[in-house]
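Chemist: If you want the building blocks of each chain, they are given just below.
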Amino acid sequence: MLAVTTSRSEFIGLAGSFCAGLMLEFSMPARAAAPGGVFAPNVWLKIAADETVTIMVAKTEMGQGVIMGMPTIVADELDAAPAHMRTEFAPPDPRYIDKELQDQVTGGSTAVHSSWLPLRRAGATARAMLVAAAAAEWDVPPSSCTTRESVVYHVASGRRATYGNLAAAASRLPVPADVALKRAADFRLIGRARQRTDIPPKVNGSAIFGIDVRIPGMKYAAIARSPVFGGRVKSYDARRALAVPGVDRVVRISNGIAVVGNNTWAAFKGKSAVSVVWDEGANAKLSSEKLFAEAEFYARHHTHEHVAVTRGKPETATGDVIEAVYRGPFLAHATMEPMNTTVDVRKDRCEVWSPTQVQRRAQAAAAAVTGLDPERCVIHTTFAGGGFGRRLEVDFVQEAVEISKAIGAPVKVTWTREDDIQGDFYRPMSVNVIRGVVKGDAVTALSHQVVSPSWFRRWAPSLIKNGVDDLDLLGVLDAPYDVPNVRISYIDHEHGIPVGSWRAPDANWNAFVTESFMDELAHLAGADPLTFRLAQMQKHPRAAHVLQLAAERAGWGTPLPRGVGRGLATTFWAGSYAGMVAEVSIENGSPRVHRVVAAVDCGVNVNPDISSSRRKARRISAFRPP
Amino acid sequence: MAITVNVNDTLHTVDVPGDTPLLWVLRDELGLTGTKFGCGVAQCGACTIHVNGDATRSCVLPVSGVVGKRVHTIESVSRDNSHPVQRAWIAEQVPQCGYCQSDQIMAAIAFLREQPHPTDKQIGDVMTNICRCGTYDRIRSAIRRAAADR
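Residue numbers (the numbering used here), protein chains in the order written: chain A, 1 to 626; chain B, 1 to 150.
There could be a bad hint or two in this list.
List of simulated lysine to aspartate or glutamate pairs, EDC-like, C-alpha gap at most 20 Å [said to hold, decoys possible]: (1) K269/A x D19/B; (2) K269/A x D15/B; (3) K219/A x D15/B; (4) K121/B x E587/A; (5) K69/B x D54/B; (6) K616/A x D120/B; (7) K439/A x E515/A; (8) K616/A x D137/B; (9) K405/A x D344/A; (10) K539/A x D478/A.
These aren't lab readings, by the way, just hints derived from the structure by calculation. These numbers come from a predicted model, not from an experiment.
So here's chain A without its partners, still in its complex pose (with noise of 0.2 Å):
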């Protein structure tokens, strides 16, 4: 059972929120034509003379479903037969750049709401041409004309025209600066639910993943890297690799050795085969035991602490004090396909396939290594088989560039799973201490320190103000409870274990433990858990919605089977809002997951069956081991 609520006079004021930076005009050509009569008033949408619309989706589908969230939005305004569309994923280009994330980036479950508006306005921009196309031919104003599935019509002449008749007119045409978006109520596309065009490759085996790229002379490649964080070969014995039937050549990059072979068992064997005598460096003898211990450390001494967010007097404030400790672990992305790039560097150009999050990185990472001029380096995004923020790396297309270079030929690098574990950048691991005071049914006091690295440092280091990374804050900082004395601190845990954002970065753990020390509160009250946190919501409607919704759906407080018991949780990420009660029990020393009601809180819900999709998927997520 899924109880979820969407309200759209909600979502008006959170557009307004999250997309007043991007009002701001993306850059247009000053006229719309192209090549062979194509109309492409932008670059996210081109109306050929055959009537087919090609819509741009500058993000990558790694199962999120963007390949229909994004074209829908731009078809709506656009008024464009949904049989006449056809998607490409986007090439890298400034003009694709999120102005949320600010780079061509997809990721922080930020999609569908930093392209919200420049993808109306796109699809409106070019309904607007095709209209006053047709207006200027019939001699009417373009105000007397109503477009319907890529037809303009003028209903007091009868008269029509397919968008493909009116692309070449509209292409000669400016592109209007402003121009008026539909009212929600006129949607026809946003909020039904719609089938994904990319079901249909998916289930014969069409559809191409990066892993699944073949190119003509290309060869297969396996890498021997380093067994510790950031250790260098110091020496290496090809022999044996190459006794392996099937590999050709062994040859060193930057982070490693290279086994290059006739197909990917031959490279995998090679990699095996291949004797590295490593130089393990500064992190041979760290370990977590040892890392949990300094972040504890840090913490009871206050070491390398930098205060977020001070209001009151925590200190001082009186009442039953509960103290807690919580260690979140290193977790692996581990996504389905492992990392694997392809990649043909010629004299004068370089081409990369790959599964990648980061288009406009993955070139900067072509041409750092080739010397070519970026242009010259093209990226093809594939159909990613996960991603979860792994992909944001470019890692693994700098070592298949640096490969292809060196061998003058093109390449396939695959991982294996072990690769895949032991060489991700993983979720940063993280020590939470926290000291509550409640008096009544209130928390008076909260003070949380969080001891964790920072891996938006290496993305974006001016973003780190007065030594506080708000974003390893998220679910902190943000969590929808009014406390009057609250301290907050971040301690930046450095260490040499590479970290990177991890499916709804920092949230993900710091929503855990917020939610975890609110029934711990709770318990020390003597209050029930869901009255309890209602009682510090006073502020926070929406997320006092979500978290009541559910719970009358999943008959809170009615009688359970004996030994099962019921627990609730709620939550901010990107936008939205979510509430969920589990009925749980403890099977053989395990907790045993009977049934999670959920409501969420997202805005306009673009396909109503995708959201429903990733929503159930995403419980199982974190409930049933991977």
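Given chain A's structure and the hints, the job is docking chain B onto it.
Modeler: Structure of chain B alone, referenced to chain A:
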């Protein structure tokens, strides 16, 4: 070493060592990339194909072991998605990233042949391939639908 295998009702001769896993013969030598690599140790199920009609994980199966047997991959199910299991997969809108769906479909086809009207428990017990997106609910619905369709 020349080895002849019967894949999708066609005989192919490939020149690879006999211990090469069938998965890499299918993907790299024959270009049948619908069968995926996931773990390399027959745990995730991404490489599921049929050998003499039985669902089999091909990443640890030496190619020499299928000589004289019939191998079928996702590419043999139907290109036009007309097979009842493919139709059910589309009707239930199962795939998200889609990487495991070839193998889920191959496992489901073999399972439904053995058990044309499975219970949910039987589906849960037999369909053990991993989906990292977590589409298990819809996989179950699609199998129920395909069973009802027959």
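Chemist: Which hints from the list above does the structure break, by number from lowest to highest?
Modeler: Hint check: nothing fails, all pass.
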